[in-house]
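Chemist: Chains as they are written, first to last, in this note's numbering: chain A, 1 to 175; chain B, 176 to 350; chain C, 351 to 525.
Treat the hints as calculated values from the structure; they're not laboratory data.
The reader is advised that the hints may include incorrect statements.
Claimed, not checked - Pairwise CB distance ranges, derived in the manner of DEER restraints:
| no. | chain 1 | residue 1 | chain 2 | residue 2 | range |
| --- | --- | --- | --- | --- | --- |
| 1 | B | ASP236 | C | PRO514 | 32 to 42 angstroms |
| 2 | C | GLU412 | A | ASP11 | 48 to 58 angstroms |
| 3 | C | TYR392 | A | ASP61 | 16 to 26 angstroms |
| 4 | A | SER124 | C | ASP506 | 41 to 51 angstroms |
| 5 | C | ALA438 | B | ALA263 | 18 to 28 angstroms |
| 6 | C | TYR392 | A | SER124 | 30 to 40 angstroms |
| 7 | B | ARG334 | A | ASP163 | 40 to 50 angstroms |
| 8 | C | GLN401 | A | ALA87 | 22 to 32 angstroms |
| 9 | A | ASP61 | C | ASP506 | 42 to 52 angstroms |
| 10 | C | ASP506 | A | GLN49 | 21 to 31 angstroms |
| 11 | B | PRO343 | C | PRO508 | 45 to 55 angstroms |
| 12 | B | ASP236 | A | GLU48 | 40 to 50 angstroms |
Unchecked claim - Keeping only pairs whose Cα atoms sit at most 30 angstroms apart, straight-line, the calculated DSSO-like set for lysine-lysine is:
| no. | chain 1 | residue 1 | chain 2 | residue 2 |
| --- | --- | --- | --- | --- |
| 13 | B | LYS310 | C | LYS428 |
| 14 | B | LYS232 | A | LYS78 |
| 15 | B | LYS267 | C | LYS442 |
| 16 | B | LYS253 | C | LYS485 |
| 17 | A | LYS57 | B | LYS267 |
| 18 | B | LYS253 | C | LYS523 |
| 19 | A | LYS78 | B | LYS253 |
Stated by the list, open to error - Chain C stretches covered by chain B per the calculated footprint, using a threshold of three residues with CB under 8 angstroms from any CB of chain B:
| no. | region |
| --- | --- |
| 20 | 442–453 |
| 21 | 496–505 |
A quick note: this is a predicted structure, and the numbers were derived from the prediction, not measured.
A virtual CB, placed ideally from N, CA and C, is assigned to each residue, including glycine.
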Amino acid sequence: MIKIGVINVSDRAAAGVYADEPGQACVALLREWLTTEFEPVYAIIPDEQPQLETELKRMADEENCALVVTTGGTGPAKRDVTPEATAAVCEKMLPGFGELMRSTSLQYVPTAILSRQTAGTRGSTLIVNLPGRPKAIRENLEAVFPAIPYCIDLIDGPRLESDPRKMPVFRPKGA
Amino acid sequence: MIKIGVINVSDRAAAGVYADEPGQACVALLREWLTTEFEPVYAIIPDEQPQLETELKRMADEENCALVVTTGGTGPAKRDVTPEATAAVCEKMLPGFGELMRSTSLQYVPTAILSRQTAGTRGSTLIVNLPGRPKAIRENLEAVFPAIPYCIDLIDGPRLESDPRKMPVFRPKGA
Amino acid sequence: MIKIGVINVSDRAAAGVYADEPGQACVALLREWLTTEFEPVYAIIPDEQPQLETELKRMADEENCALVVTTGGTGPAKRDVTPEATAAVCEKMLPGFGELMRSTSLQYVPTAILSRQTAGTRGSTLIVNLPGRPKAIRENLEAVFPAIPYCIDLIDGPRLESDPRKMPVFRPKGA
Chain A
1 MIKIGVINVS DRAAAGVYAD EPGQACVALL REWLTTEFEP VYAIIPDEQP QLETELKRMA
61 DEENCALVVT TGGTGPAKRD VTPEATAAVC EKMLPGFGEL MRSTSLQYVP TAILSRQTAG
121 TRGSTLIVNL PGRPKAIREN LEAVFPAIPY CIDLIDGPRL ESDPRKMPVF RPKGA
Chain B
176 MIKIGVINVS DRAAAGVYAD EPGQACVALL REWLTTEFEP VYAIIPDEQP QLETELKRMA
236 DEENCALVVT TGGTGPAKRD VTPEATAAVC EKMLPGFGEL MRSTSLQYVP TAILSRQTAG
296 TRGSTLIVNL PGRPKAIREN LEAVFPAIPY CIDLIDGPRL ESDPRKMPVF RPKGA
Chain C
351 MIKIGVINVS DRAAAGVYAD EPGQACVALL REWLTTEFEP VYAIIPDEQP QLETELKRMA
411 DEENCALVVT TGGTGPAKRD VTPEATAAVC EKMLPGFGEL MRSTSLQYVP TAILSRQTAG
471 TRGSTLIVNL PGRPKAIREN LEAVFPAIPY CIDLIDGPRL ESDPRKMPVF RPKGA
């Protein structure tokens with residue numbers, strides 16, 4: 001069974017103040033778009049870089065997640081450490097994800113440039129940082145998702161298929 | 176009193192060959208847009224990375240500037256070291272600023288991609304690299320300024336208010 | 351005589367499975383656009399970071415190439431190491447090249463965000479990563495080429511002139 005990790009990075013969610021709405025929003029989108037079955041693996045982690053690094057490594061190396069999405073912790077505030085933790089555990093960074101997500105969010109809010117969200121690969125796992133609010137999660141994940149299944153092919157992960165009426169993903173001819 | 180640092184990075188300006196036109200242009204824009212009073216702190220520094228790092232640290236740590244803008248020194252030439260000095264003193268980099276300033280400048284000149292300008296935070300100070308020519312300073316600062324006051328809020332700096340007819344800044348509801 | 355290096359980075363091309371179509375495509379474009387005479391220096395290198403670094407250094411330091419373009423090896427796959435080799439040998443990185451090439455390619459394929467292509471300078475040599483397919487090479491090189499001759503001016507390389515009807519390059523007035 002293909003696994004997809006969903007890490008809510010938030011001091012308040014980790015303290016139980018909030019429910020894991022961002023994580024639920026991510027999984028709802030993936031279930032809407034993907035026809036390939038998958039098992040979500042949830043985690044809620046405070047904004048602590050070492051803890052987040054440990055969880056990202058566990059999701060990649062032990063759970064063998066094809067994809068791990070994080071929500072939150074990408075802003076300029078002192079507690080925001082999600083991009084740093086992502087860069088620390090990834091072997092290759094993919095700057096195009098952050099660029100496209102920021103330029104997409106800029107259509108809605110000028111503060112989109114404050115997000116430091118990025119993406120990268122660790123072994124056969126793709127890690128993508130998303131914002132914390134469900135509305136922004138959809139805007140961002142919709143923008144980059146068409147490239148995600150082929151990215152996972154290229155890093156020798158499992159093949160993900162989508163419902164093309166809901167989320168047309170792209171693979172070059174013959175892939 | 177809120178302080179804003181303005182560093183003209185230029186061998187020729189530092190040698191007294193030019194007046195500090197870029198610095199004056201930055202302050203004129205900020206006075207046009209902001210209703211919050213502030214005191215500008217000027218410096219003119221040659222294109223020497225250690226000197227610029229020292230001045231950036233002094234403006235952040237001793238002057239407690241809410242914002243420091245630099246002008247010049249962001250191109251590919253050997254003497255251009257402003258982005259390197261900025262990255263060396265910042266704790267967090269904000270790649271969205273450079274992306275938006277370059278894509279804005281691309282509307283005017285194809286050589287916009289040669290600018291390596293960036294932004295980042297050091298403690299409660301936001302540092303933003305701007306070009307050296309007054310016309311380009313306006314184009315660039317206009318593009319990113321709507322996000323600057325909220326960025327300074329998020330790093331626990333002072334609250335900056337603008338005249339919304341001249342520069343509509345953005346804060347999420349409740350911020 | 352001005353030299354321009356063209357490195358095809360590909361395990362299969364290096365093994366002789368493919369001809370150097372990407373390299374030929376680059377030189378055909380440069381001959382179409384440039385009125386300044388130049389001598390192409392070709393190399394075909396497998397996706398091995400140390401070998402590519404050695405070749406990039408040789409083209410910059412020994413051949414004194416004004417420009418070196420690479421083709422291929424910029425994706426997320428484990429063997430793709432062209433951006434890493436480029437960053438390792440460059441003194442200054444120019445993120446605007448990768449940003450513009452990705453946003454240009456996004457007009458054609460959503461998987462453009464998977465490219466990690468970048469550019470940078472080593473001494474008086476500009477190094478630019480291009481994709482591997484001839485059609486994508488044209489789309490990408492067309493997007494950034496208007497800024498390349500002025501970039502080479504700024505790093506004290508030779509002056510390249512183009513046919514403005516075929517490729518209008520940009521230099522600020524007086525440059």
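Chemist: Give a verdict on every hint.
Modeler: Against the structure, the hints come out as follows:
1. ASP236/B - PRO514/C: 32 to 42 angstroms: The hinted range 32 to 42 angstroms is violated for ASP236/B and PRO514/C, with Cβ atoms some 50 angstroms apart.
2. GLU412/C - ASP11/A: 48 to 58 angstroms: Cβ of GLU412/C to Cβ of ASP11/A: about 54 angstroms, so the range 48 to 58 angstroms holds.
3. TYR392/C - ASP61/A: 16 to 26 angstroms: violated, 41 angstroms
4. SER124/A - ASP506/C: 41 to 51 angstroms: holds, 44 angstroms
5. ALA438/C - ALA263/B: 18 to 28 angstroms: holds, 19 angstroms
6. TYR392/C - SER124/A: 30 to 40 angstroms: holds, 34 angstroms
7. ARG334/B - ASP163/A: 40 to 50 angstroms: holds, 47 angstroms
8. GLN401/C - ALA87/A: 22 to 32 angstroms: holds, 26 angstroms
9. ASP61/A - ASP506/C: 42 to 52 angstroms: Hint holds: Cβ distance 47 angstroms, inside 42 to 52 angstroms.
10. ASP506/C - GLN49/A: 21 to 31 angstroms: Check failed, 42 angstroms falls outside 21 to 31 angstroms.
11. PRO343/B - PRO508/C: 45 to 55 angstroms: At 47 angstroms between Cβs, range holds.
12. ASP236/B - GLU48/A: 40 to 50 angstroms: Cβ of ASP236/B to Cβ of GLU48/A: about 25 angstroms, so the range 40 to 50 angstroms is violated.
13. LYS310/B - LYS428/C: Violated, at about 45 angstroms.
14. LYS232/B - LYS78/A: Cα-Cα ~18 angstroms, so holds.
15. LYS267/B - LYS442/C: holds, 20 angstroms
16. LYS253/B - LYS485/C: violated, 34 angstroms
17. LYS57/A - LYS267/B: holds, 23 angstroms
18. LYS253/B - LYS523/C: Holds, because 21 angstroms separates the two Cα atoms, which is no more than 30 angstroms.
19. LYS78/A - LYS253/B: violated, 33 angstroms
20. 442–453: Check passed, 9 qualifying residues.
21. 496–505: Holds, because 6 residues of the region 496–505 of chain C bring their Cβ atoms closer than 8 angstroms to Cβ atoms of chain B.
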